[in-house]
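**Q** Chain by chain, the residues:
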Amino acid sequence: MKRVNRSKLGDLFAKIAEAEALYLPVDAPEGARYEKWAPGKKLSNATNTVRSAKDFFFPQTERLYDVKRSGKTLEIEPPETETESFVLFGVRACDVRSFKILDSVFLADPVDTFYKNRRERATVVALACDRPEETCFCGAFGIDAAAPEGDVSAWFEGDFLYLKAQSEKGEALLAKLGDLLEDADEKDVETQQMRTRWMLSALPLGKVSFEGMKKTDLMDHFKNEKWRSLSEACLGCGTCTFVCPTCQCYDVKEFDDGRKIRKFRCWDSCMYSDFTLMAHGNSRNSQLERFRQRFMHKLVYHPNNHDGEFGCVGCGRCLQKCPIGMNIVKVEKALEATHE
Amino acid sequence: MQDRMIARAKELLENGTVDRVMGWKKGEFIYDVTPAVFYTADELEKDFVMNAFTAANVSKYLIAETKKPGRILAFLKPCDSYSFRQLMNEHRVDRDNVYIVGIPSWGKADMEKIRALGITGITDITEKDGDLLVTTVMRETHAVKKYDVYLEKCKNCKSKRIVVYDELLDGENGEDVPNNRFDEVAKIEAMPPDERFAFWRGELSRCIRCNACRNVCPACSCEKCVFDNPKSGVENKAPADDFEENLFHIIRAYHVAGRCTDCGECSRVCPQHIPLHLLNRKFIKDMNELYGDYQAGETEQVRHPVTNYRDDDAEPGIVYTRGGSGR
Amino acid sequence: MQRIGVFVCWCGSNIAGTVDVKKVAQTLGREPGVVFSADYQYMCSQSGQDLIKDSIKQYKLTGAVICSCSPRMHENTFRKAAAAAGLNPYMVEIANIREQVSWIHKDMAAGTEKAIILGRAAIAKVHLNAPLIAGESPVTKRALVIGGGIAGIQTALDIADAGFPVDIVEKSPTIGGKMAQLDKTFPTLDCAACILTPKMVEAAQHENVRILAYSEVAEVKGFVGNFTVKIRRKARYVKEDVCTGCGLCTEKCPQKKAPDEFNLGLSNRRAIYIPFAQAVPKVATIDPDYCMMLKTGKCGVCSKVCGVKAIDYTQKDEFIEENYGAIVAATGFEPIGLDKFDEFAYSLSPDVVTSLEYERLMNAAGPTGGTLLRPSDLKHPHTIVFVQCVGSRCDEKSEKGVPYCSKVCCMYTAKHAMLTREKYPDTEVYVFYIDVRTPGKNFDEFYRRAVEQYDVHYIKGMVGKVVPENGKLKVQASDLLENRQLHIDADMVVLAAAIEPDKSARPLATMLTASMDTNDFFTEAHPKLRPVESPTAGVFLAGMCQGPKDIPETVSQASACAAKVIGLLNKDRLVGNPCVAHSDELMCNGCSQCANVCPYGAITYADKEFRMPDRTTAVRRVAQVNPAVCQGCGACTVTCPSGAMDLFGFSNNQIMAEVDAICK
Amino acid sequence: MQVRNEPWKPLIVAFCCNWCSYAGADLAGTNRLNYPADVKIIRVPCSCRVNPLFILRAFQRGADGVIVCGCHPGDCHYTSGNYYARRRMTLLFSMLDYLGIEKGRTRVEWVSAAEGQKFAETMNSFVETIVSLGENKRLEDLRCKTE
Amino acid sequence: MNNDVLIPRVGVVTDIRTDTPDVKTFRVIAPGGGKVFEHIPGQCAMLSLPGAGEGMFSITSSPTNREFMEFSIKKCGCLTTALHEMEPGQQVGIRGPYGNGFPVDTAFKGKDMLFIAGGIGLAPLRSVINYCRDKRADYGKVEIVYGARSMDDLVDYREILDEWMTDEGVAVHLTIDRPQEGWDGHVGFVPTYVKELGFDTNMTAVICGPPIMIKFTLAGLTDLGFDKTQVYTTMELRMKCGVGKCGRCNIGDKYVCKDGPVFRCDQLENMPDEY
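Protein chains in written order, with this note's numbering: chain A, 392 to 731; chain B, 1452 to 1778; chain C, 64 to 727; chain D, 16 to 162; chain E, -18 to 256.
The set of hints was computed from the structure by calculation and includes no laboratory data. It is possible that some hints are incorrect.
Listed next, the in silico PhoX-like pairs over lysine-lysine satisfying Cα-Cα at most 25 Å (straight line) [stated by the list, open to error]: (1) A/Lys598 to B/Lys1497; (2) C/Lys123 to B/Lys1736; (3) B/Lys1736 to A/Lys617; (4) D/Lys24 to C/Lys86; (5) C/Lys403 to C/Lys302; (6) A/Lys614 to B/Lys1736; (7) A/Lys463 to C/Lys302; (8) C/Lys367 to B/Lys1519.
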């Protein structure tokens, strides 16, 4: 365990940024967002960023390759592979866990090399929460907001930022920071951890649990009558999907710039009416089906395929952002109520 | 007011005037209310809610609801009633299949603004007079003036008048209210072009194309949006380039020009806090100034300024010569 | 994928002089989809066209791009050539490399580059072209003329003379219109009745003309060549085919207090009446507002005296439905109401009259038998003040009057003044005017005669106020030229009230989906080139309903209108322009915005049932374009937010493909 | 990624209505009135056929200026098309201005079939304006500008 | 240079055969000759034509074919229309192979095989049928039931007549929906025909065709005494990325492009009816 005085945060960031790009949450008109650090930029106080940290590994749009046509021949140009490493500072425990969920998709065979490359280049400095929101329910997924995973775990307590390496990458990063850091005792953050854990349990969603979902069969959940009323007001927008740290559906599209075709991948949402639209029709025609798919995927399909791990980390973004106030907690409660 | 609404809804269900009720349903917290259809008195008693956060404009749901058999009761706030009237003008809703009870609205609160005050760990919010009492997990209570956390659309409310209804909950209709809703537009107009450009790049570059603004908008009720239709040639799903952000928002504002009632839902739902209403209001302001005052949804008038003309309209060049900053 | 042929024309040296045509042909030959490319000296020549035809056949071309002169020049030529070779003519696009390239650019390199780009744009468009076939529709060889004034009568007679049946629908009991009420006509001073009534009789007796008087158009459906019109025949309570017009009933009717419309209320008539002696059809009509029998069931005198038993108190309005190929609007005009002009004391004194009322007072068949007597005391007026531009040329912002010049007032006032002075030389006549407008054959001479020979006092200035006082009308006026105030004690004041379109025009325009201007005059399809046609195909305009005009102008317009109608009715089938709008019903919201901007009323809405993907059905209101009516301007396509409305030949995607090709 | 390195030349898209302005352009040609080759004309039936999407599309694809030409107000072949176009373009241009796009990159001119001279002059002056404004950077799509 | 699975390789279309009015078969090789990649029967490949899009198609040739791959494609959308307009020599983007394929070396090995196809549904089966024919010794008898709307809609009719029907140990039963001039074979729908024919219940069945046909044929086989574990089907629906990540082909806890497209019918019971 190391620590650094808050007053030296700027130096710390400057030191990191010397070697590699540093991204951290800063205050912005919409709330907090990740930005590349530059002198003068201040770490945001916000509990979490509006957009999740998944953007760094799975950006909203990304070039896959270009194709040039001449006559009947095609020339396929893959993009250059990026090689610069970077540090993600201030990722909350929920978002750190979301990387594991994204890994289980993108790193599964066949590996998505675009994603893998970014994951490998990144060092994640996770920051423990000390001011949880009423929308937080990471505890429901066994996430300890007070002890985040990551390459380095960090805590703000008193005048200090405490840092603890959790991986080789983390060790390497702390090693580079050298004399900026001083040794510290893990006990220094324990009080804060206890307080955070207590706050989380005392907040309205402190007792939310999803484990009950597992008691019911996939098809029984699927056929539940509640989906109708739950999905009734859904606008079919992609807000929940796009702010969600674990949603990873994408579309592959092309753009003809007149000289070549640019294939790119971009986020897609299973809530969109044309998500499953193909030449021979659409297999999910109603918003009910699409709504159900999103939540079934997170709460049933994903755990079925990944040792019971839900496709949700309880970050609460969708609770804050859904235009019509629908969210995964309401869904879980409604589904479970049916089978009580 | 909630109790009176529930009572009236139950009466109207009972006497057969309607067979279901469009309203707002309680959530996990005070603020995450969801538009919902209620079928029984029990459901109404249990879940119907009307509070400082029932801001969602329910008029768009009535497009689908009025196509269903039976008759639905809709509680419309003044701004919702403008949207509904506009949808009537566009033949999108079946007026006969809805029974409208006009309800007054004195402004709705924006949860995001409450959070922006720095209050975290909220365990409860209650309404008392004009205030919101916010209690946190640390047992602190913050009194927040509702006015200070009004949604943008309520802060710049144009009218308390309900323009279409079968009955009024209060028996009395409100009136248009003086407002400064074009001030912000004027402020941007007064910026030098470079600053204006930088301002809008800063705002629009935040767009994540979640389509919340479009999907919530009562005027954006196309069977298929051009941006979702591969055949339109302009379909796109993500802001793959700055241009796409501009294109989407310019065209969206243009498509609703003359039809946008300024209900403010687009800005309310934007997860990235883009002041989208400033685009719509720009068109409204221009139309008012160039073609005479016009308020979409206010009357039965079906020809709006973009589908109308006068022989002596201003020439497009006026854009480059009138007021504001020159180049 | 299309198989496109590119044909680059040299136009002698016109194009080849500044454009490297060989390079253009070669470069375009490499574009995707181009399977043949050639250049030739004169593409429009017979051998050039043969080259195109042969290539179409030999290379199985599905599209052709001709790089040549303007499409306005030879598009048709090349389309015909393509059609002759079996290629749909609308698969041909022209790249204009003469007017827009070689003739304006001197630099060979720049010209060649631009020619290639324009060629590419045309190729890009052809890729998205689809064969278009012009629709055809039959023509009902019968015309409807709405309005039986001089405009309507003349139009009907001309059409009828060409051999086509015509119906005249007239809302009042007789045809004749406003002209029948006039006394003399300027500038020749021949009597209106003498020239009009023979026309009325001719119409009545013409085998191709059917007069539906006392009738109104109730509903119009259909489109050019194929209108179906429902006509309301109002109940006369007199059997039209039985009544002989003997007039006995009109003498015996005990109800004498009905105001006589023909005399503008200056006299009364009976409850059963024939508007005037030469009315056509000459049939009595019972005015249900005044007939005691109809109101109280007590009377029946007319029925008793009628020798042919023509009276039928039980008559009801009837509807007839007819098909027409063309419709002529000739609804005419009326003077504006003067209730907003209290300064002239029109409502205060019977001696303040409108010019039309003055016509009746001068008319031998009028209420005073042709002797000029003022209405209040039936004495000869000795001082008469004429006020011009009452309600005409008003400020657009003012609440009263109309913004335009009524055009005929200057001349008829000169006529009135002159006739008055001629018949009653002891009468002083003053005319207050803003301008005197006399552009017409013999008009200015006529006006000068009034001033010079008849000593009419023309005073440039406006009358401020007319006050009835002790049997006189105190007229306060200003003389702008002398810059002084005038006070005249007049016996009569005659107001040249502005004219406005007849009130029936607006609802009619709605039925016809014909457009109107803000003053309720019908708009013409083109103000210069198509002045007698409405933008709505098959609807034509004659007379005052299109704008103020005098009798000779009205008659010439009526004949022009008839010529257009005859031209239309002469065709057996109408071939449409295939480049028309069409709506994709799956995407249409039914919001009506497109119909709002359509100048031709080509768009209607229908509730259609759709099978949804989830196997349910839903009924939606969708727009439908009548290709026979649409002219292809594209206004609707831009109004449509969902892009459901598109234009054949100039589709969204075609234009965007051109943009892309140009900006590549 | 490499940017095209030829010297910049303006690219101007002109939408001309078939009945007046396109004919006016033809007349300019017939009278041999010179205007820069940077102007490329797209023929549309009426100025009211010009969708704001087309204008934005042109900018996206690399145009530096877009001009819409139609019949003089009152002379529209379709009676009212140019009136609608006038309102639409006014609103669109105003919005572009509002977003900080340079004034003058878009223009509407009424050119009759007899005004060949005016057509040439209009194009000359428009090209001049665009040259003075320089390359379109504010409404560009970078994907269309890089090789 | 990135070498991700999403980046296609170039393939050359060397031959195009028109099978039915709306089905064409395309032969694809690597630009330098030979196959672009190896596959097992039942697997798919992603074909792309820039400007028209990318789509998943089953590889209809048998892996035993060493020279080329074939795809039988029905015209039904933008991409397939563009593919149908291609001319020989055209290059396409190709990536794969994707999907699990048929268990030809495990569950099918040594079994008597019953193949049932309707319409274009023969395309995915052609690969495995020819595989079985080429490796006769590894499998028992092969029975094929194939039906289409009309004679003209029978895919690979020539190959069926000239090769399959003449093969020892292979029995082909053809049927068309409605009587037609020049057709003296069976007339009727596939499911009924299967029941009429009746098959030994120890066979392993593979069905492919329109959903409705699969449903009724499966019911028919169950009536005959087949267990659902003996019946396989393949579905190529809604695949976009081909690698089980983009989320489109997710039905229940399965990803069709990765866990499928071949499913044993008992597996389908636990899957929502969203295909």
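**Q** Identify every previously stated hint that the structure contradicts and give their numbers, smallest first.
**A** Hints 2, 3, 5, 6, 7 and 8 are the ones this structure does not satisfy, whereas the remaining hints hold.
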